[in-house]
Amino acid sequence: MRIKEKKGSETMVVGKSVNRVDAVDKASGRTKYTDDLCGKNALIAKIKHSTIANGVVRSIDITKALAIPGVVKIVTCFDVPEYYFPTAGHPWSTDPGHQDVADRLLLAKRVRYYGDDVAAVVAENEVAAMEAVRAIQVEYEEYPFVLDVQEAMKEDAPQLHEDYPNNVLAHTDIRKGDFQEAIKEEGLIKVEGWYETPTVQHCHIENFICFTYEENGRLVVVSSTQIPHIVRRIVGQALGMDWGKIRLIKPYIGGGFGNKQDALYEPLCAYLCTQVGGRLVKLDVSREETFVNTRVRHAIRSHIVTYVRPNGDIVANKLEAFSNQGAYASHGHGIVAKGMGAFPQLYPCDNVEADCYTVFTNRSVAGAMRGYGIPQAMFAVESHTDEIAKAVGMTPIEFRRKNLMPLGYEDGFSKNKLYADTFNQCMDKGMAYMDYERKYKEYQNQTGDIRRGIGMAVFWYNTAVWPISLESSSCRMILNQDGSVQIQLGETEIGQGADTAYAQMAADAIGISFEQVHTVSCQDTDITPFGTGAYASRQTYVAGFSIIKTATELKDKILEAAHELTRMPVANLDIEEGKIVRTSDGETLMTLAELSTTKLYSLEHSQHITAETTAQIKSNAYSFGCCFAEVEVDIPMCKVKLLNIINVHDCGRIINPALAKGQVEGGMSMGIGYALSERLIYDEKTGKALNNNLLDYKLSTFMDHPHLEAQFVENYEPTSPYGTKALGEPPVCPVAPAIRNAVLQATGVSVNEIPMTPHVLFREFEKANLF
Amino acid sequence: MYDMKALYEAKSVEDTIALLQKHPEAQIIAGGSDVLVQMREGKRAGAELVSIYGIDALRGVTMEEDGMIRIGSLTSFSHITKDPIIQKYINVLGEAVDMVGGPQIRNIGTIGGNTCNGVTSADSASTLHAWDAIVELTGPEGIRKLPIKEFYLKAGVVDLRPAEIQTAILIPKEAYEGYKGHYIKYAMRNAMDIATTGCSVNVKLSEDKKTMEDVRIAYGVAGPVPMRAPSAEAVAKGQTVTTEHVEAFGKAVLTDIKARTSWRATKEFREHIAVELAKRALTEAIRLAGGEI
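Chain order of the listed sequences is A and B. With the first letter of the first sequence counted as 1, position 366 gets the number 366 in my numbering; the numbers rise by one all the way through. With the first letter of the second sequence counted as 1, position 15 gets the number 15 in my numbering; the numbers rise by one all the way through.
If you are wondering where the hints come from, they were derived from the structure by calculation, not from laboratory data. Positions of the beta carbon are idealized from the N, C-alpha and C atoms, including for glycine. A couple of the hints might just be wrong.
Stated by the list, open to error - Have a look at the derived ranges for each label pair, beta carbon to beta carbon: (1) THR63/A <-> ARG189/B: 44 to 50 Å; (2) LYS685/A <-> PRO84/B: 38 to 44 Å; (3) PRO230/B <-> GLU139/A: 48 to 54 Å; (4) ASP350/A <-> ARG260/B: 52 to 58 Å; (5) LEU37/A <-> PRO84/B: 36 to 42 Å; (6) GLU124/A <-> GLU25/B: 25 to 31 Å; (7) GLU151/A <-> VAL157/B: 54 to 60 Å; (8) THR243/B <-> HIS171/A: 56 to 62 Å; (9) ALA102/A <-> MET1/B: 32 to 38 Å; (10) ILE450/A <-> GLU213/B: 53 to 59 Å; (11) ARG189/B <-> GLU151/A: 29 to 35 Å; (12) ARG161/B <-> LYS26/A: 39 to 45 Å; (13) ALA27/A <-> LYS154/B: 44 to 50 Å.
Modelling step: build the complete structure from the supplied sequences, incorporating the hints.
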């Protein structure tokens, strides 16, 4: 079944900016998050973190800490069970070769980063817990440590994990054509660059938090997570428990951006609960810990060499990318590999050599973060693309129009296909909004202290994880006596508006109003049908399949019941606006409320009308777009002021324009911070994070943003039942290179490192003799 | 949850002194935007606090008979920014404290706390140094007044004696009459930040607006405590209003400031910015004073 624009389509809710289903509660402060749900009698858990970056724990003395009034239990790295577990929020694979690396224990004897978890305290209150943490004495044997990704690959570098020589977690490559042969062509221009992206953090408003209690021999874990069903599995693996004995509940969460697409401290919290007789234990981490001890974005260093003809033909392209994994595998190689995968597709070229490496270092653990390797890759590729355009004397737009992935392009592996002329359409919209042509000419060859520039970048993205991993979505619908429907899905609401989009899609699919659909927001693994959660910008896309499938089943049952009650043939019945309608003459036969109530309480044939299905999705969809940015650079002050910015996206048909716009604005904001100010800094002498707080880590504020313009090109995506595709992560992907290219136009200086802070600009402007 | 041993609420200045004498280990808390942050970090875990926040007598801006501007130490940043006396005579102070943190901090944070905290980055401190402010302290022995330069002893330490509290900041008439000033906060973002460097300049022009009769410049984060740049002041004083003289003034600050490399910024970068800020702040102060440049 496909939802068609049928007669009376003004009643269709997909495509309309209806209010979020959770808007009023969130705006009025009524929404309950994890901490709001935790009993006030909870014991408080706090973690003792290592004060060395690499080494082993020799001994831990807890005598003093145990004597502090209120301390209930202290567990050290010498006490925890030896069940190694993986943390990445990927669907499990039954093929051991595709399983995530299981390199974590609940607490670490072998310390691999400054801040690693060596002991945990459970106390009656936070003050006692913190005092106990300070009182625990740890003796270490310290090893040398390494923070830089390429330093870590050297023969004499400190080794983090025995099984990974030279600290290389993984190395994969792409070979196409013959790079070495192709570059022998005469008259080619070589363009080469190194591009550096920083370690940054998600900075979701709600820090990570969870609590656990025991009930009837099972553990109930309530957690601020994006992936409840996955975390249930990981808690089971980490504690050596049967997965069915764990119940994971995910309430509303204050953002995740990928950080909560990982098992964070749920396994430890669950274990601590078992160590205090199953009493309620809360583990609420601070902002400082969120920066250091949860996950960060992979810092990636890329080296690109391109050979072009003077007319702008790309003849050969080479990429080496080095991804800084930090101390443990988490999502690991998937991030840089995704970026490498985009490389030969975005600007197709016959001769490609690409190698990517994921390397352990003694930094905080890198995991999933909005964009999953693509913001890093786009900074490198789109900065480099402007350098090529400059080298061959073409404008950035001319070069891209000539070389970008053409209409009809199909990727052999994913079977993704570019069904529309997306790039040109998006660039046209961006150029029109910015008055690009005029400004580009006006800003060429400026002098003086204050200069303006305009820049742009495109991005490659796809939707969901097929064919790398399993894609499945399950949905349950329950018809209430009043004709309304409860809908449940495993794909989670994490602030992006998924619950609202589901209600819109379900309303149209069943034939009832938006108000008559009640999305059950909370996922509870005891109750919610299986789904892997929120990640990969997949929720609306994959949920669309299971919503359609389940709605079809529900509708079949409803119409069968209507036939029973009216004796009219199913073929002549439909549901419109919550009523059973005879299609032959348009006559309303009964309301859904009448049908539902009659059937439920029928003494002849009582029926509780529900439907539940699982859809496996074996497709994926490109989701492309671009960003244009206009800047003013104050050269003596080493500052970039962003004057104007626009993102244009083709995410297929838009389910809710207002929510779509919100997604884009949020992503642009994250991209601005990535471009100009955000960077987690580590002390070279100790390996300690120096700015793990929101004062010293320069998350951009709205005083640092101009108006954020979001526009769309809506090309119906044929692989989706609703014509839609990814929009959660894409907005962050093109922003940093667009701003960087605007700075290039303004100053003529190629800044190949982000964030382009005043410190970096000072160094680069000095090198370029601009002072 | 704060690790706090006790909280004593003072009703008056005398009461504060008595409480501090009774609890010599206690820390004074006003708005709490520094003290509570330090407690949360564990630096003052288990502290006893004497709260002076309820002493309304310490709030407000007044002008005394001799033209001295008196700012009660509990006056909040947002109050200072909106105060008509400040706006009329030393508007730059209102502008400077309007760059502290965000709106919530500016509503709770006080100028007394900002200076008693003793940090070099305080947005009020460089401007108060530039205006030759006087700090009024009240203790068991009575009131003493000292130039703000002498109040700052070293990083994080000010000249507060046992059981003494700061009760006002005073700006004498001769320090502001005829002067116009400008403050530039140089930070890594436009809100919710502390200064990488802050520079406050004020200038008094001759009647024909062609000569700089007096120039005063002070920095935050150019040394361990807020500081003046006397060499630069001497270079500019008595000179005509020209870009060359502004340029020379800017270069001269390098003989005064003590920039150092830390993870936050390199010495070279700090010096480069300090020179640029001096030039820009002086240029703007001249413009505000009616000069043309």
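Now for the hints, and whether the structure bears them out:
no. : hint                              : in the structure
1   : THR63/A <-> ARG189/B: 44 to 50 Å  : holds, 46 Å
2   : LYS685/A <-> PRO84/B: 38 to 44 Å  : violated, 52 Å
3   : PRO230/B <-> GLU139/A: 48 to 54 Å : holds, 52 Å
4   : ASP350/A <-> ARG260/B: 52 to 58 Å : holds, 54 Å
5   : LEU37/A <-> PRO84/B: 36 to 42 Å   : violated, 50 Å
6   : GLU124/A <-> GLU25/B: 25 to 31 Å  : holds, 26 Å
7   : GLU151/A <-> VAL157/B: 54 to 60 Å : violated, 40 Å
8   : THR243/B <-> HIS171/A: 56 to 62 Å : holds, 58 Å
9   : ALA102/A <-> MET1/B: 32 to 38 Å   : holds, 36 Å
10  : ILE450/A <-> GLU213/B: 53 to 59 Å : violated, 31 Å
11  : ARG189/B <-> GLU151/A: 29 to 35 Å : holds, 31 Å
12  : ARG161/B <-> LYS26/A: 39 to 45 Å  : violated, 51 Å
13  : ALA27/A <-> LYS154/B: 44 to 50 Å  : holds, 48 Å
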